[in-house]
Structures are given as C-alpha cells and as structure tokens.
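K.L.:
Keeping their order, the protein sequence lines are chains A and B.
For what it's worth, my numbering labels the leading residue of the first sequence as 1, then goes sequentially.
For what it's worth, my numbering labels the leading residue of the second sequence as 80, then goes sequentially.
FYI, nobody ran anything at the bench for these hints, they're computed from the structure.
Where a beta carbon is used, it is the ideal one built from N, C-alpha and C, also for glycine.
Be a bit skeptical, because a hint or two may be false.
Stated by the list, open to error - Examples of chain B residues toward chain A, derived with CB under 7 Å:
id, residue
1, Gln190
2, Phe337
3, Gln523
Stated by the list, open to error - Derived, one-sided and incomplete: chain B residues facing chain A with beta-carbon distance under 8 Å:
id, residue
4, Asn189
5, Tyr307
6, Pro310
7, Leu336
8, Asp342
9, Tyr526
10, Arg535
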Amino acid sequence: MTLEEFKEFIAKVGKVPLEMIHEDASFRDDLNIDSLHMVNLLIELNNRIPFDFAVVQDAEVLQTVGSLYRALKGVKANV
Amino acid sequence: MSKTLFNWVFDQVEDENKVIVSSQSGDYSYKDLLAEINKYEALLKQLGDIKGKRVAMIVPKFSAFLSISFAVNKRGGIFVPISPMLRSEDLTSLLDLIQPHIIFSVDEVNQFSFKSILLKWAENKQVSLFLSSDCTNWSLHSFTGETIPLEEEPMTLIVCTSGSTGVPKGIVVHLEHLEKAFNSIDTGMKFHKEDHVLIMPPMTSVAGFCSIVGLMNQNIHVLATESYSIPDVLRLMKNHKVNKIFTSPSLFRAIYLFAKNADASIFEHLALVMLVGEPVTDDFIKETQDLNCKIITIFGMSEAGGLLYSPLDVREGIEWNTIPGVEYKLKDPNDEGIGEIVFKPDFQFGGYYKRPDLTKEVYNEGWFLSGDLGRINEDKKLELVGRKKDMIKKGGQQIIPGEVEKVIASHPQVMKAVVVGIPHQVYGEQVIAFVQGDPSLNKQDIYNYLTDKLARFKVPDEILFIEEFPIIQGKVDKITLRKIAMQQLEMNKQGWS
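When you get a sec, could you build the whole thing from the sequences and use the hints?
P.N.:
Below you can see the structure in the form of structure tokens.
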C-alpha cells in the first residue's frame, strides 16, 4: 500500500475529506478521529493488510497519519 | 439539614494519605483532593452565596472535575457535568436548557474552542465564567445582564443526556440516587478495600459518577480515564494493577484486542469485568474466549440506576436477576408474551429538569417505562428482546436519532434525514443516515457540515442517499431502512475487496 492509497483508505473509513489527510495530520486533533473510531480504523486496516497489533501499541505511533504509516511499513514488507 | 455528597464521601475517610483516585494526569490522596477542593471553594467564595446556583462544568481533568463538583456541593450549589465531546449545536441547546449561573470550562479540546461558544452564550446574562487552558489556573470573566433565577428545588447535580426530539434532557439527581446506583453496581462487582477499579463510563454520566464517588465512600482505589485512546487506558491499567473494570462491551473488546497480542501482562491482575450500556454480542463472546477472568453484565438506566444483573459469566449465558429492592412487570404483553418492561427502583426519581411533561410520560407512581421489551422465558426468568425506543447505542454512548436527523436536515440542500442503527463489529451499533436532498449534494458536503456541530460519536458512520422513504402506517419504515442499509454496506464491502 502506497502512502497515497493509505490516505485514501483513511478518508474512506474515517469519513474525512482526502484533502485534509497529510503525513503530519494528527488523527485526534486534525481529523477528529476518536479512540473508538481509531480502533475501528485499525481493525479495517488489519482486514485489508494483516499486521501484528503489537506494532500499534505505542501511543506515538497512533498520533499522525505518517507515524502510523511508517510503523506499519517498517514491519511489513508488503504494506 | 440533609447529608451532602461531600459529607457522604469525606466523613468516611479512613486514611487521608491513601491514594484514592488515579487517572493519566496523576494519583491523588483524599488529602490532595481536600487541598484542591479548598482552592475551588476560595474561587467560589468571591462570588458570594452560591446556594441554588447551577454550576456547569466542562472539565476533562479528573482531579479538577472532582474537586469542583465537591466544592460546589459543599457550598450549596448544583453542579452540572457536561461532556467535553459536545460541539456547538448540542452544547448550546444544553446551556439554554440548564441556564447555568457559573461555568468552569477548559478553553479548548481537540482544537474545538469551548471558550468562543461560551463567551458568546454568556453575553447579556449575569454569568460568571471561569476559563482555563490546563484546568489548573483559572481566569474569571464576569458578565452582566439578565438575571438567571435561582433553583428552588433541592438537588445535588443535573446529568445531561440527549433528548428524543433533538432537545437535550437533564436528569435531576439526588444523593440517594447516586447511593442506590452505586449499590446496584456493587451487587455485581462485590468491591473490596484492596481493589483497584477502572471506571470506563464517562465521569459526566450517572454510571461513571456514582461509581467514582461510591468507591471513594468505600475507601477503594478508583481509576478514571481522561483519554479513551487505547494505549493510554492500557498504561493506566498496567501502572495500577487494575483487577476490576466497569466498561461497555465495545470499549472492553477494543482494549482486549489491543493488549492480548502485545502485552498480556496487563490482564495479569484482572479478576472481574462488568459490562454495561450495550447488549453482549456473539462477536464479543468469540473474541474474549481466551481471557482468564470473569465477565458479567448489568442492565440499568441513568434515571433509575442498575435494575438487572446477570451473575453468570457472559460466555456461559445470561440470566437476569433483579437488583435487590427493584421490582419489574411487563406492560401490555402481546400474544408472544412480549411487553415493555416497567421497573420500580427503590428510590424516588428527581425528574427531568424543567420538563415535568417528559417525566410524566415515563414515570408514574415510582414505576419507570424503560423503553426495552422483554418476556418471561420457560425458566421463569426475564429475557430482554429489544428496544421499543429507537435509541442507538454506539460504543457505550447513547445516540438519539432525532437529534442527528435535526442537524442533518438543517443543511440547506437536505430535504429530510432519517437515522437508524445497525450492528457493527467494533461499535456495537453504528449510525446510518438516510438523506433525501438536492442531487448535487454529496456525502462529504454533509460530513463537512456536521463537523463542529455534533459530538464525533453522533456523526453518522455511513450516509446513504434515498429518493423516497419507505412508509408504513404513515411513518417512515425504519425496519426496511435498516435492511437496505445492511444490504448496501455488504455490497460496498464486497466491492472494496
């Protein structure tokens, strides 16, 4: 999954305009994605590209679009 | 003079140095809290007598929230906790209903400015507004204008919920209500002095607030979360060796899903989970099969406290027993024996704030119409079969379709909106909005319009456009709409993969 595809995925699942989604966008502050929506987003993401939930344990990883993308990319060659 | 909430809690203190409450922002002993309560009393003293005054609070920091509540109560005021998740529309309707004399509020949450809404609302009213960026240092803004009448009826607090027509409701809560609601939770959770109990329902709800003050009254360590970010909740659990959790199924499922693969030691001390707020689904049971602790469930209403609980582990089944002191009966059962469950709790309900008409609709001579349908099964046990009201329960939060419909319909290109709930694997139920409107309108226009107008959890998870609404007996047929929504989402899912 490229960064562009990743952004499109977040726009679709998170119901957020694609133009608002950039690497530094904070899920909570900029995209208004709260914790339960975040869990849903991760589960949907996991259905699409299975990953180990241990990767997303750290609150830092869940801060921004870029941090989540990099964390997933770092452990999964086909992400 | 009757007992105050402050006395109910602080007269029972056994060791004032014991850490009694914890959250992400710190641990507090009774002594720490008393010092903070003194600070807020000093702030309130400058406003003179606050007896009969309503004090609204939008305060996400746990210790400040508790200390303001106790300080207001100690000085004879009525505190009104308000969820920091509200946005302009729901917040303003609520303020119009409550008409607070004093407001404590954080400046902003997630870049949403409460400050600007409150400064505007308070114009031309005699209101004292305390604002803070950190819930620690407060600045007072005094407004002059129309005098707001004092409350004549005695009450401890007003708890706010969404109303069925889009107008919010306030539940008048007395100390006895909090005590009984806590006792009902204790019936299931059987608290002990050594427990470390995590309370997940928001502190602004009856379930959350009564659990917190009830545990303080029992000298039991209580943890409340200021953040629902799952890693933050897990850290709190781990740091304090939480052994009991009171939570909704969807939140607990999320916590468990996150932690089980990464750090199972978080659950090492966990002995009991009590679920509230949503039905327990087959998915939940499947997901938690491996968890080695007891999971039970309770059923209740903010207005009436806990009413039923099932002592069995939910993975073995559910067998509803009434909470001691509670009575129930079925109203107008049909041929299959299904009727609306009517409950009689063992305390007097204080009514809906300024809405005796609403109170009369659901409460008569101590009996409550629950809006839930039930029947008596072959084992002579009560079985819950569904809801009469069309309230949606998403992630433990209640959503009234009428409120969401009203905001969507206020969009200039929308003719009509109808909101229904359908099952969802994470949220329990999700919010679906059917919209009839201008053909040029797209979903994103509506999402953009709703941002900042509605709390995030109320924003529809899906918006579906419809040319004509199915009608049955002169009303929109929500059963058909639910079917359409489920079919449509299933098709979208297939299209996606």
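K.L.:
Run the structure past the numbered hints and jot down the numbers of the failing ones, going up.
P.N.:
The structure conflicts with no hint, since it agrees with every one listed earlier.
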